[in-house]
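S.K.: Chains A and B are the protein sequences, given in the same order. Going by the numbering used here, the first sequence opens with residue 3, and the numbers climb by one from there. Going by the numbering used here, the second sequence opens with residue 2, and the numbers climb by one from there.
The hints are simulated quantities; they were obtained by calculation from the structure and are not laboratory data. Check before you lean on any hint, since a few could be wrong.
[Said to hold, decoys possible] Derived list of chain B stretches under chain A, where covered just means 3 residues or more per stretch with a C-beta under 8 Å from a C-beta of chain A:
(1) 151 to 158
(2) 219 to 228
[Claimed, not checked] Chain B regions said to be covered by chain A (calculated; three or more residues, Cβ under 8 Å):
(3) 59 to 69
(4) 82 to 91
A virtual CB, placed ideally from N, CA and C, is assigned to each residue, including glycine.
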Amino acid sequence: MAAFKSIIMPNRLEIALNPDLFDAEGEGIRQKAFHYFGIKLSRVCAINVLTIDADLTADQLKTIQTEIFTNPVTQTSSFDPIPIEFDWIIWVGFRPGVRDNPGSTAVEAVEDILGVKFKQGEAIYTSKRYCLKGKGLTSEDADKIAGELLANEVIQRWKIYSKQDWDNKSGIGIIIPKVKLDHKPVVMSIPIDSDETLKGISDERNLALNPNDIPTIRAYFLSEKVRAERALVGLSDPTDIEIEYISQARSDHCNHNTFQGLFHYQDLSTGHAEVVDNIFETCIKEPTLLLKEKKPWVVSVLWDNAGAGQFDDDHYYVITGETHNSPSNMEAYGGAITGIVGVYRDPMGTGKGAKLIMGGYGYCVGQRDYNGDLTPHLHPRRLLDGVIEGVRDGGNKSGIPTTFGQLLFHPGYMGKSLVFVTAIGIMPAQIKGEPSEQKKTSPGDLVIMCGGRVGKDGIHGVTAASEVFSESTPAGHVQIGDPYTQKKMHDFILEVRDKGLIRFITDNGGGGLSSSVGESALFSNGCEIELEKVPLKYEGLDQWEIWISESQERMTVAIRPEDLDSFLALSKKHAVESAVIGKYTDSGKLHITYNGKTCAYIDLDFLSSGFPQWEFDAHWQEPEKRGLFEPVVREPGDYEALLTDILSRPNICSREWISRQYDHEVQGTSVIKPLVGAGRDVNSDASVIRPVLDSEKGLAFAQALLPAYSAIDAYHMTACAIDEAVRRLIAVGADLDMIGGVDNFCWPNIQYDPEDNPDGRFKAAQLVRSCLALRDICLTYGIPLLSGKDSMYIDGYLAGRYGETHKVSALETIQFSTISVIDDINKCITMDSKIPGDLVYILGETGNELGGSEYYEHYGYVGLNVPQVHSRQFATLYRALGSAIEKEVLASAHGIYRGGLGVHLTMVAMGGDLGMKVDLALVPSAQVNRIDTLLFSESAGRFIVTIDPEKKKIFEDIFKGLPCACIGVITDKSGDLIISDSKNRGKSKTIISIPVQDLKAAWKKPFKDL
Amino acid sequence: MNKVNALVLAGYGLNCDNETAYALELAGASARRVHINSLIDGSVSLDDFQIMVFVGGFSWGDDHGAGVIQAVRLKTNLGDKLLEFVDRGNLVLGICNGFQTLVNIGLLPGFAGDYKTRSIALTFNDCGNFRDDWVSLKVNPSSPCVFTKGFDFLELPIRHGEGKFYSDKVVIERLFENNQVAMQYAMPKGSLADNRFPFNPNGSINDIAGICDPTGRIFGLMPHPEAYNHRTNHPDWTRDKEIIKRRGSVVDTGATAGIRMFQNAVDFFNKM
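The shape of chain A in the complex, shown without the other chains:
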C-alpha cells in the first residue's frame, strides 16, 4: 500500500443541523461537561464531517451532497467549513485502522447512487467537529472535554482550535486516517535453543506463554520425528505463526487452565487438606452430565459455543454468557459493543446455527460519583456511560431484544470493571432431516470465512484478557463491533442453514481464525489453509497477524464443495463477503501456506497432549478466624428515614434509564418486560418472551449477582446467586424442573505470589468453594449448566495521589443466569400488587442473616451471618409456588432479594401504585426478634405474594406445612406503605407509614436525570 500514490484531491463535506432545530447531541454533551467536570457551556453544536478520498467529479459530489448526506428539512452542508459561532472548536476522528462504520455505509450509498465502484485505497472517513460556546472557557477545559468526554485516545485523535487558531478557509484541513503499512509480510523463525530464549521472545511479542508450557513446546519442535516431517515441507524451528497459534490456544481465556488446574486445598481452621483436581470436571461437567441423563430436555452441553435445551418438539433454544472486561476498561463503548455483538455470534455458531432472540447484560463498576485519589484509566461514570451506550447500540442494531440486566457498584471494580453479556437463540430441531445441534467437518469440506475482513484490530486480545491490566497492555486489542455487518451475516447464515448447506459453523472470536479453524479441524482431523486468500482490510499484515487477528463479525463455515455456488449466490444476495480459504483434511496436521509456501505445519493433537496442569495452593480460613464479626448496632428509631435512604442507595435504586434505552420488544415476542406494574417502572423478577410467534410457549430468563457475600464466603455468595436467579424464574411462573443455568465466573488472580498477590491462596480457596457450591446447589435444584465461562484476572493497578500505584482486586463474582421454558405464557404473572383488598403473604423463613447485606453496607459493616441456601427445603416451597401459579391462584409474586423484606415490600407496593399494610410480627422467622433484622435480612428462599381473598383456602392448602403466612393487605390507590409490629416490642406499633409515591420518588431520585 505504501506504493499507492494518491493523485486524488480529497474533499471534505461538513453537515450541520439547522440552527432552529434542537440539537439533542450537543445538549447531551453540554450536560455531561457540567455533570462530569463542572464546566459550564452555553451551547454545543456537533458537525458531521465526511472526508471523501475518492476520485469524484464536482457534479458527483453535488449529487451525493444533496441526495444522501443532507436532509433538506433539517440540515445544511458545505464543502467549506460551516461558519458556526464558537469559543473553542474540537475535532475528533478515528485513528488509522479503527473501524469506521458510517464511513463504510457512506461508500455503499455513494457507489449505489453514482453507479461507480471505489478503487483500491479510496474511502470515505467520518469525523466530528464540535463548536463550543461558554463564558471563560479555557484551553484546559476544551482539552478535558476532548480527551475525557468526546474522544478516547485509544481509538480516536483530536485537535483543539481557539478562535485565533481557526482559519475559516481551511477549517480542520484534510485528514485521511488511511492505514499505511510499509511492510512486506514475512514469516519469522523462532529460535528455541533454550527455555530462556523462548521466554524472552514470549515477553517481547506479548505472547503471555506460561513458563511451564515452554519446555513442552520446545520438546515438540526438537523431537526428531517432528523435525523430519517439518523438513519435508521446508520448515525447521517453529515459525512465528506457529508460536502465536500455540500461545492463543494455550491462553487461559481459550483453554481454561485455571478451572482445569490442580488445587491443593487446605482448611487452615480445621487442618483438613484435600486435592481438588480439575474443578471444571468435578463441579461443572460431572453434575451436568448426571442431570442430562435425568432430563431429556437437555439437548447439547459442554462442547459447543452455547448449550442447547428443548423448547418444543420442533425447536431448541441455546444460551451462553460471556464477559468483555479488559477491552471495556480500555474503551468502554467499543469494548461493550464488541462484547454484545461478539456474544451474539456464539448462538449463530452453535449447532448448525441459531437465530438470536434475546440478550442480557450485567455491569459491575466503581461508584459513579467516585472522587477519591485513585485514577483508573476511565472514571467509573464515564466507563459506565460508555458501556451502557455500547450495549445499547450493539443490541438495538442487531434487532435482538435486551430484556434483562443488572448494574452493580462496588469500589473493587475500579481495578477492572465487569461487562457481562448473555445471548439466547433458537433453532429448528431438525434441518433437512438432520439434527440441528450436531455438526462436523469432513475431509474435502471447504473452509469458508464470511462476514468482515481482517485487519490488525484485536491482535492479542485473548492474551491480554489473561493478564492483569497494566499500562503496557497493548491498545491494539480494542475494536468497535459492527452490528450492522453482523445482522446481514445473521440473516444470511439462517438462510444457508435452512437450505442445508452448513456442515459446521463457529464464530471468530478470541483467537480469530487460529481458534475457529483449529477447533473445527479437529473433527475432520486436519486442514490446509491458504492464508493469502483471507480478505484483508489493508495490505501489509504479517501471516501470523492474519491468523490470529480478532477482527469482528466473522464466522468460519464448512460446506461441501458441491454447495459452493449456491452458498456464494446467497452470500451475494445478503451483501455478505465470503471467501474460501482452504479445505479440511484428515492428515492430522494444521497446514498453513502463504502463496504456496508452508508457514505452519503442526500436529493438531499437540495442544491436547503433554502440557503441564496448572497448580494452585488454596488456603481457606473461616470468616470468624479472619476477624469478621457481627457489628454491634442497637435498633434504629427512625425506620422511615432508614427505608427511604436504603431505597436511594446506588445498588437498590431505579435503573429505568438503562432499560428504556434498550429495545426489549423487537421481534414482537415480549411477554414480561424488564419494567412492569401500573406505572410500568418497577423491575420485573425475570423477563419472558414468546420466541415462536404462533406458539403460546415462552422462555423465561433472569440473572443474579451477589458479590458482596464474597467478603464473607464465596461458597454462600455462589449459592445465593444461584438461588436468586432460580427464584426470579419461579416468581414469573417457571417450573423448577425445567430450569437450566449459565455460570459466569469473574475472579481476581488466584496464583499466589508473596509480593504481587499475597492473598492469592485465599482467593484460590474462594474459587474452590464457589465451585463446590455450584455443584451442590445445582445438583439439589437439578439445574444443568448449559453453558459457562470464566474470566480470571479482575485486578488492576491504579495510580494514587503521590505517584504510587495500588493493586485493586474486585470481589470474587459470579453472575448466574437461569432460563426455562414456560408451558403457557398466559399463566405468567408479574410482581406488582394488583387489587386493593388482596392479601399479602410471605413464603419462606427470615433468619438472622444480615452478613454482607445492603443494610450493613449502608453503615459500612460486613458482618458475619451470611445468608445460606437450604436448597432441599427451598425446592419443596418452589414446587408449591410453581403449582399455585399453574393453578392461577396468585395475583402477584416477587422474590425477596438484595435489601430484604423492607425494600421488596416497597417494590410490590410501588409496582401496583397501591398502598399496603403489613404486620411484621406475622412474618415467618427463625427466632428473629429485631425489626431491623426482619426488614433487612437477606435470607434466601423467600417470596412476597398477593392473592385474591377468595382464593385464601386453595392457596393455604397448597402451602400447608411450609413456611407461609399472611402478613397484611393491599390498600388503596396512592395509599401508604404501613409497616407495623403487633408484638410491639416497647416501640410504637406503627413503624413505617409513608405514601408509596414518596417511596417511589426516593427510589427513582438518584439516577432520575439520566
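For chain A, the structure is supplied; the task is to place chain B on it using the hints.
M.R.: Just chain B now, with coordinates in the frame of chain A:
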C-alpha cells in the same frame, strides 16, 4: 377469494420483518419477506403484491440519518416501479425505520400527487436517547388513512432514537388541513400529549406520530403495530387479566389493536 399478498422488506439491517409478516398473516394476508436485493435485481416483482411494508430496524446502520440510505437505494434502483405500485391503488405502510424511509423517498407526505419531494424529517429524539416505551395514540377519525379506520384511541410500543417529526409550518398546516395527520401521541386518558414527555416521547411537532398521503393508502408511523400481535405484548396484560378474572369475565383473546391495523389493510382489498 384469493389472499391479499403482502411484501415485507428485509435485509441490510432491517429487523422487524419476521413479526411484521406474522402480523400480516394473522390479519389474513399472505405475507412474504423479500430481501431488498431480490427486489432490486428483479427476482421478485412488485407486480405480485397489493401491500408493501417498509419495516422497522436499522437499515444501513442508520448511519447518515435513519432510513436515508435505504431511501437512496430504493429510489435509485426501483424509482418508477414504486410509483407505479402506488398508482395501481395498492397500499404502502412504513413502520419506524420504514416511516423514516418513506419520508426520505418522498412518498410521504405526497401532496398533490408529488411522491418525490422530501419535506418531512424524522430526527433525533429531544430526550437525546433511544427510547422503548408504550405510548397512547389518538386517531383522527376524519383521516382518509386506510390503516386507522375504526380506531379512535390505541396503545402501541415505540422504539426509536430518531422519531421526532419535524417540518416547516406550511407543511404541518397542510397535513392537518388534508387530515393527513392520522395519529398523534396522547395522554393515557385520551387528550393530546401536548409535547409532554414521555407521552410525546420524542418531541414531535404537534405530537404527530403517523401520517398518510392524501389518498390514505400510504401510511407511515413511528409506533410498532406488529409488536402488539398478542395480548401478552401489552404492558398491562397481567393486571388486566386479574381485574377481568375478578369480574368473572373471560379474557378477550381476539385480535389486538396492532393486528386490527393490518386487518384494515387486508379488508381494504377484500371489500373492493
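S.K.: For the stretch 82 to 91 of chain B, do at least 3 residues have a Cβ located nearer than 8 Å to some Cβ of chain A?
M.R.: violated (count 0)
S.K.: Has the stretch 151 to 158 of chain B got at least three residues whose CB is nearer than 8 Å to a CB belonging to chain A?
M.R.: This one is violated; 1 residues, fewer than the three required, reach chain A with a Cβ under 8 Å.
S.K.: Cut-off 8 Å, C-beta pairs, minimum 3 residues; does the coverage of the stretch 219 to 228 of chain B by chain A stand?
M.R.: Satisfied; 3 residues make the cut.
S.K.: For the stretch 59 to 69 of chain B, does the count of residues with a C-beta closer than 8 Å to a C-beta of chain A reach 3?
M.R.: The restraint on the stretch 59 to 69 of chain B holds, since 8 of its residues have a Cβ under 8 Å from chain A and three suffice.
In terms of the numbered hints stated before, the structure departs from hints 1, 4, listed from lowest to highest.
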